[in-house]
Each structure stands twice: as C-alpha cells, then as structure tokens.
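There are 2 protein chains.
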Amino acid sequence: MAFTPATTEQRFVLDHVVRIGELAATDRFAAASDDVVDAVLEGVGQFAAGEWAPLNRAGDTVGAKWTPDGVVMPDGFAQAYKDYVEGGWGTIGVEEEWGGQGLPFAIQTAVLDTLGSANMGFALCPTLTVGAIEALAHHGSPEQQALYLPHLATGEWTGTMNLTEPQAGSDVGALRATATPLGDGKWSIKGTKIYISFGDHDMAPNIVHLVLARTPGAPAGTKGISLFLVPKYRLNDDGTPGDFNDVRVVSIEHKMGLHASPTCVLSFGDNDDCVGELIGAELGGIRAMFTMMNNARLNVGLQGVQVAEGATQGAAAYALDRVQSARAGSPNKESVKIVEHPDVRRMLLRMKAQTQAARALVYYAAGQVDRANMGDAAARNRLELVTPLAKAHGTDIGNEVASLGIQVHGGMGYVEETGAAQYFRDARITPIYEGTNGIQAADLVGRKLALDNGGAFATLIADIRAESKDERLLALVDACDAIGRRLATADADDKLAASYPFLTMLSVATCGWLMERQGALAGTDDFGRMKAASVRFYLEQIVPEAMGLVAAASASAAVLYAIEPALFAA
Amino acid sequence: MAFTPATTEQRFVLDHVVRIGELAATDRFAAASDDVVDAVLEGVGQFAAGEWAPLNRAGDTVGAKWTPDGVVMPDGFAQAYKDYVEGGWGTIGVEEEWGGQGLPFAIQTAVLDTLGSANMGFALCPTLTVGAIEALAHHGSPEQQALYLPHLATGEWTGTMNLTEPQAGSDVGALRATATPLGDGKWSIKGTKIYISFGDHDMAPNIVHLVLARTPGAPAGTKGISLFLVPKYRLNDDGTPGDFNDVRVVSIEHKMGLHASPTCVLSFGDNDDCVGELIGAELGGIRAMFTMMNNARLNVGLQGVQVAEGATQGAAAYALDRVQSARAGSPNKESVKIVEHPDVRRMLLRMKAQTQAARALVYYAAGQVDRANMGDAAARNRLELVTPLAKAHGTDIGNEVASLGIQVHGGMGYVEETGAAQYFRDARITPIYEGTNGIQAADLVGRKLALDNGGAFATLIADIRAESKDERLLALVDACDAIGRRLATADADDKLAASYPFLTMLSVATCGWLMERQGALAGTDDFGRMKAASVRFYLEQIVPEAMGLVAAASASAAVLYAIEPALFAA
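As they're listed, the protein sequences go chains A and B. Using my numbering, the letters of the first sequence correspond one by one to residues -9 to 560. Using my numbering, the letters of the second sequence correspond one by one to residues -9 to 560.
Mixed in with the good hints there might be a few duds.
No copy labels: a pair is met if it fits in one copy or bridges any two.
[Said to hold, decoys possible] With a straight-line cut-off of 20 Å between C-alpha atoms, the simulated SDA-like cross-links for lysine to any residue are: (1) Lys323 - Ile276; (2) Lys327 - Glu155; (3) Lys213 - Gln314; (4) Lys323 - Gly436; (5) Lys323 - Ala208; (6) Lys55 - Ile242.
The hints are simulated quantities; they were obtained by calculation from the structure and are not laboratory data.
Only chain A is shown next, with the shape it has when bound in the complex (with noise of 0.2 Å):
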C-alpha cells in the first residue's frame, strides 16, 4: 500500500491549530515561513514515501537482529537512515548554535509525523535522539554540548534514554545502576538496563546513551539519581569516536510489534571500563530525565498519530478496492465496494475523525512547546497540563484506529500480508512505554490538576468555553470542569480510581475544541469537506461517547477496594 504523506493536513492543523503564524511572528522562529514550513512538509513527505514506507513490512518480517557484534538491522535501513541525516531532516527543530535549523518544535512534530507514518519503528530512533539532545541542551555543560550536539542534531550519532531495570519500571527510583568517581571528574558506570529502543544499531558511527544511575551515598529513591552521559565510543581528542566504552547489547527483546525497533538489555562496565559524564548536577537526574521524557511524551503521543494515519490510508484503500455484497435497501443488487456499506463508512469515518483528533491534540501541545521555550508561562504550564493528554489520549486513539483497521479489512486484516495488523501488533507499546497512560492519568489529577493552583486547568476549561459555540461539547467541559475541581482536593486513592476515565474526557473535550475550531475554517475543497464530516462526527459521536464516563470519573475507589486482593486471582 502506497503511503501518502498527509501534508495538506498538516498544514492546516500548523496553521490553525498550532497557530504557526504567531510564532513565525517571533525573532526566534522568523525562519518558520510560509514557504519553508511548505518546503519541509513536501520535502519530508516525499523523502519518507520514497525511501521510508518501503521498509516499513522488512523492518516488521525480518526485523532488527542481535547477533553478537552488535544488533543489525535490515537491509536497506542503514542508507536510508544516511539519507535521512544528509537530508538535514533531523536538525529542523534543534537549536541554530548546534548546527540545526532552528525551527519550531510543532515543525519537527509534523517532520516526525510523517517519517512515523511512514515507518513508525524507524522513526522511534530519530524520536530518542531528539530526547538525548533536549537533555543535553538543557543540562549539559558546554564542553558537553560542543562535543555532542552537533553530531546528535543532525543524526549522524543516535541517543538512547536508560531508565528501565528490570525491578525498576514504574518506579523509576528503585534503579540500582551505579556511578563511581575516577577521581578525574569522570565516572565509571556500572549496571543493567532493559528496553533500551536502539540501544544498539548499525546505523551511525556512534551512540550516545543518557543513562541514570546512583552515585555514592546516594538517598534512595528518585532523589538520588543522577544522569550520565555515556558514548558507546569514547571521544578522542578530535571529538571523533575511539575506544570502545564498555557497553554491551546482551540480548533484544522478542516483542509483540515494532520489530524493527531493537529493543535492548544493556549492560554497562561488564569490564568495570565504562566511562560516564555527569549531565547537569550530581542528584539531578530525575530534574534532567523528565526534560528528556516530557517532550519524549508528545512524541509517543505522536506515534498515535503516525500509526492512526497509516492504518486509516491502508483501510481506506481497501475498502475503496475490495468489492463485496449490494447496498443493502438499493433496488441495485449489484456488489459495491465495501466503502458504500454504512458500517464500514462508519468505521472510516470515525478513524479519519480520531486521527485528526490526535493530531491536532499533539501538534497542539507542540505549539505549547515552542512558547514555553519562548519564557511563555502560560504555554508552559497548558503544556504540562495537556502532555499526558497528548501521550494517554493520542495513543489510545492510535490503538483504537488500528483495530477499526484490522476491522475493515474483514479476515484479510488478520492476515500478516495486508499490514493492517503491524499496524495493530505495533501501536500496543505506545499505551506503555514513556509512562503508562496509568502514570499519565496519576500525573494529571496528581501533578497537573495542582499547577498553578488549579489555574492551568482553569484556564484550559476557560478557552473551550470561549471559543466554542456545540452544545455537546460545553456540557462535556462543564463535566470536565466538576469533576477536574472535585479530584483537585479529593483523596489519593479516589483521585486516581477516577483518573483515567477523567483523563479520557478532558482529553476528547480538548480535542473536541481543537476540531471544532478546525471545521469552522475548513473550505469547501476537497480538503475542506473531509474535514467537515469528521468534525461533525467527531461532535456529534464521540463528544456524547465521553460524556458515558461522568459515572466512571465520579466514582470513588470504594468499589475497588471492597474485596482483598486475592480474591482477584480466585
């Protein structure tokens, strides 16, 4: 199936959703103009349908595969991840003094957009990078960012977040990997870490890990981690990659999807001859690791995204081919595409209306982003509030879209050769790595609903109610906003009984106001009235589906509680 990139799409959700006009507005993003941010989406589409998508089945049927020099990956990968770097497609949001292009974050969202559409495990490398560089350009010392960055915004060296060991999921600071000084400043590292995406690869000429560990007498717990800088190739003196630092890929993890995403355990200092450098202050890793992780959140959430939109384009070509049944009430008895039946327009439609929906939700914390950056106190604190939407809500939605797929498809959809169910077997990781959508609902009524003291979620309460005019839509916020005031103080236990039910409705409200907006602009084209119908469905369905989770979201953890855990297993 041929991959089309959704560049008209995209720019309109830019345009009016991200408001890309206002930033390029700014000094700092007078680059962003029209004519570039038309450049980059085609450019970028074009780069990725052609030499992308093409990988995307050998990256699922062969996959990445560890042997014992290292993990290889399948053919064709490794020119097309050259390609990619020499394109200048990984520098477009990363800083001008290291290199990049300086464009706004929501530009580099939509670059990724189409390189995850097109092949979603190989965009998980680029996404990964973005994270060791945000971390780098935040935290690291300018030596550190002069030897580093450079190299990591264009690509040319990957990076790789080491959080995860196997006692240490979730709880980040159960970790036992350890930092000891050599006494000349750097560190000697040692430990195992699991589910390293690209941990290890064929692919560039160097990885730099970003790893947490503890260093001596360290507090237990997240406050005694601190994060380290560890390059699978020492530096030599010229900056170029030399000796071998001591980190091993033991194994890959046999999983469900995203086959051609190595998923590594590895092991540091086996021959105590691994060297590390502090990032930022001893102690301040978990400051340092949720810069990493919160915009690695919007790009999960991005993933949604990426794997909606190519579910959505390989169902709606199906059932604009396959032939099956009459028009059920037609005096025409002769067979349609399956596109003319009611139920499966339905499922298109509602896969059309979700993925723009989690789009707008993603590109629109991306915005969030690039104003925050901008010392924009509002939009940093809409950003927090809206990221573990934009991750738990835009990979549920990725989920949902890819089984609808699997869906239209009938008994070829469960058959390995149509990709329907490599988008299916793929998009499951995204509700779970990053943070589970769990963890993500905790951060909302936890953290997020707390900002500000309550004023971030006011204020987003505040927009929608100004903005919008549908019925439907103001009785979800004015639910939102009950329930969103009344977890603000409740206890912890019923704060998070009801937190993803909650999370699931402020999620579709912001949604719903972001499409909202969009159907009111859209034309009359053909563009303009694709749009039209899914935000009509999207308003007149989906909006009114949420409001079912009112008792949900209201309930207290009683019910949950009421029996011992035993009982579970009996």
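With chain A's structure known, arrange chain B on it following the hints.
Relative to the frame of chain A, chain B by itself:
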C-alpha cells in the same frame, strides 16, 4: 502461568443465568443432574488444566505447519486430542442416538469455555466439529447420520465449514465452487475455499468438510447454494476411511495469532476426483448453513469469554506478584504489589466484570438453545435476538480484556514470553470470523428487531424491566427501547449507520440484567464477594458508559454520506 478452571463461576452462571435446574427437570435433559454437572465441570477443568493449557504456548510459538503431506500440529497436540476424544469431552452435548451424552448445549458451552480458556486455538477444532454435527443432525439423511455422526460426536473425526472464497467473504452468495451430478446420487466437487479453520491436521483419521457449492443451473446469489458433505477420505463399505478424496491443503495463512489453528486454503477436485453428497435439499444450502453457523456464532462469542478468562487470570497473577512503587497517599513508603494501586485494580476489576458479563450473555444464549430445541418458540425468538449480541459483544469484550491484560503487565506485556500478547493476538480474529461484528449488528437491526413483529425485542426489554431494580440499568433499557423501536422502521442506511452502537447498548443492557441477578444471589464467601464487586462495578461504571452511545445510535446516516468515498483516501 498456571490455568485455573473457573468452575465455581461456571456452576453459578449455569444455576442462575441458564437456570439449569429448569432444564434438568425436563425429560430431555433429566441427565443434567447436579452431580453430573459438577462432575463434568470438575472433570473438564482437570483435563484442560493438565493437558491442554500446557500446550498453549507451543500452539503459538511453534504453531500448525503446512507440509506437502498436509498440516502438522505441534508436538503433543495429537495425543492431547486423542485424550480429549477418549475422555468423552466431545460427546457432551450430542444427542444420545448419535452416541452422545445428550446433555444440554449450555453444559457443552461450559466445557468448551474451559477447554478454550486453557487453549483457545486448540479448542477451535472441536468448536467446528460441533457445527458439522448440528448441520448433519438437522439436515442429513438417515444414512449420512448413521455413517458420520457417531464419529463426529466423539470427535474421532473432525468437521470443517467451507464457505469463504477469495471473492466471497461476507457475501456468501458470491461463491463459485461447483457440484456436478455424477449420476449415482453423488456429486463431483470443484473449487477453492479459503479461511478453513482446521481444514487439515494430523490429529484425526478423517476430516468431514461441509462445503457450500453451486449445482448446474442454480440461480445466482444465496438461493443457488447447496451444502455438501465432502470427507477427506471416502468411506469404505464398512464405514471406515478409505480412498483419498482429492481435497488438498494448498497453503495455510500467516496470521497475527491463533497459530495453533491452521487456517487453510483447500482445493477440491484438482484431479476431478472429489466426491460429495448433498446435505438436505438441493438449493437448501443457505438454510443448512445457518443451522451450522448460528451455534457457531455463540461458540465464537464464547471464544471472547475464553480469551478474557485466560487474560484475566494472567494479569491477576502478575499484579499479585509484581512489586513496584509505594501506594500513593500512604505514609508507608515501601513498594507494594501493583494490585494495590488504584488504576491497576480498576483494570483488573473491569477485566473481571467484563469477563463475567460476557460469560453470562453467552451462557444465557446457550440456555435458550436448549429450550428452543425442546420446541419453546419464545426461547427460539430470544435466542435469535441475543445471538448477534453474544457473538459481537462477547468478542468485543474478549479484545478489550486482552488489551487490558497487556496494560496490567506494562512493558512485560509487550514481550511475548509472558503470554499476555498471545491472548491479544489470538482474540483479534473473533470479531471478524463467523460473520463480522458489523454483520452481527446488521442482523440485529435488520432481521432480529423485526422478529415476531418486534415481539422478540419487546419481550427482552420487558423481562429486563420486570426484574431490574437498578436505576442506571433501567435508564439504559429505556434508551434501548426507544432507539430499537425507532430503528425497526428506519430507512436501511440509517438503520445500519446506528447498528453497531445500538448493538453495544443492547448487549450491555442484557449483560447488566444478568449481572444484577447474580449480584442479588451472591453469597458472602470469597466467590460471592468477588461477584458482588464485579456486579457493582458493572452497574456503576460500565452500564452508564453505554449511555454515551445514545447519540451515535440515534444518528442518521447523513454524516457518513456527506462526502464522496474517494475523500476517505484523500
């Protein structure tokens, strides 16, 4: 992970949802005494846990394999199947005149529930045999019945259903396989069938294919279809399998899951030497097919229960073992088992409640099969009405619960070794085969709402109203009633556009009714308290959620047809 048969739950549902006592009080089912029911549930539980559950992983990882000599099952399957036959587990629901035990279909359902919870892919084999038995018992000649039914009843021979062809999926009437009279009352069969589950394997000395084909001069569409009995090996005069009947397995599908079940492409009559017998009247194939498929639809709904049961057991075991993070809001900062965290409990309780709801719905329908088989016309109508609910909603639940099962496992859920991913992959076919869930929804709003001039629907609504005391459920029933009556006379497009959300609403209302009844009868022992919590969660959270579908179930098709089909791919 050890599989524990849900014996107590099954017995409770048989008693209070199926009301097995009413059946045992009839002459027909006098054998279904309390002792016998207990012995069957216990016995199959031990058998399934001991012999079938241990093969579940190999069924997935090794899978059925195609060879030029036919399909080879993974090691252990042939012996475990032999033990199933010798244990008499195939004969439970078959009438005594064919060598069966003549127990209610509801008991057979419980047996298949346990077998499939242990190993869903494996249990599909006997599930298909049941369909073949039904078709022969209702439409076969006395000679066919005498020759075939005793061997099918024990499971010594297995059965298949051959409907689908590449151009004829949901549209069965488009099939092209042919049957040409040979002059001796037999027919020469020719054609290719796809998606034939257990179309070939090495566990039985014969396989009885039931094949839909066209006879010479037959009219187009479903009216021109006849059903044929086509054994893999023709029978000798003494009834034993003899010459090969020119039925070849050309390939098996490369599916996302259910790898233990070989999904075959079967070629009939490549050498013009495939002989079949007509089952029932010529051109009576569609009617015979529905006999075969109706119970098959319940059995696929039951697969939703099976996968939900397995996934829930796996997730509960993991959550009771995995330690991660302190309880939020607790003064105790020790890490706890993740079952203690509210959102994990919410997921587990939802899994429990949904699994129980699906089981109640499918068993309830099975109880109506038994009553209908004794000539109860009201039960026949009820069965017809709830069959699409049991199939579609049962499988939707299976998929939802399997997905939650992955989420509870976190990153481990995405790694194949835990088995959580297998449930998720296995489940995904169930909303597709035996009539996609969209077809079920079309059946509900098309044929079933009209049944008995709307009487079938009206009496279900009345029965729920008469028994329920729950305001939330009664509100949902009111909504279903109003929408159902409106849909009964709506235009075909509007009917179909609303069909799926309406099916979900009516399914939840029916499940809520059966759950509420169970809650009222639950005792205060461990089982009773778990049941009470599940029922409470179902009524407090899942029933109100279904009210969120009122808008979609009330919408017209207008939004779906506001745009031309090509725009879905734009």
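Do the hints match the structure? See the list:
In the homo-oligomer, the alpha carbons of Lys323 and Ile276 lie at most 20 Å apart only across protomers (18 Å), although the nearest pairing inside one protomer, at 65 Å, exceeds that limit. In this assembly of identical chains, Lys327 and Glu155 lie within 20 Å of each other by CA distance solely across copies; the values are 17 Å between and 50 Å within a copy. In this assembly of identical chains, the alpha carbons of Lys213 and Gln314 lie at most 20 Å apart only when taken from different copies (17 Å versus 61 Å within one copy). Proximity of Lys323 to Gly436 under the C-alpha cut-off of 20 Å is restricted to the inter-copy arrangement: shortest distance 17 Å between copies versus 58 Å within a copy.
Taking CA atoms no more than 20 Å apart as the test, Lys323 paired with Ala208 passes between copies only; the shortest distance there is 17 Å, against 76 Å inside one copy. Proximity of Lys55 to Ile242 under the C-alpha cut-off of 20 Å is restricted to the intra-copy arrangement: shortest distance 8 Å within a copy versus 26 Å between copies.
Consistency with the previously given hints is maintained throughout, with no hint failing.
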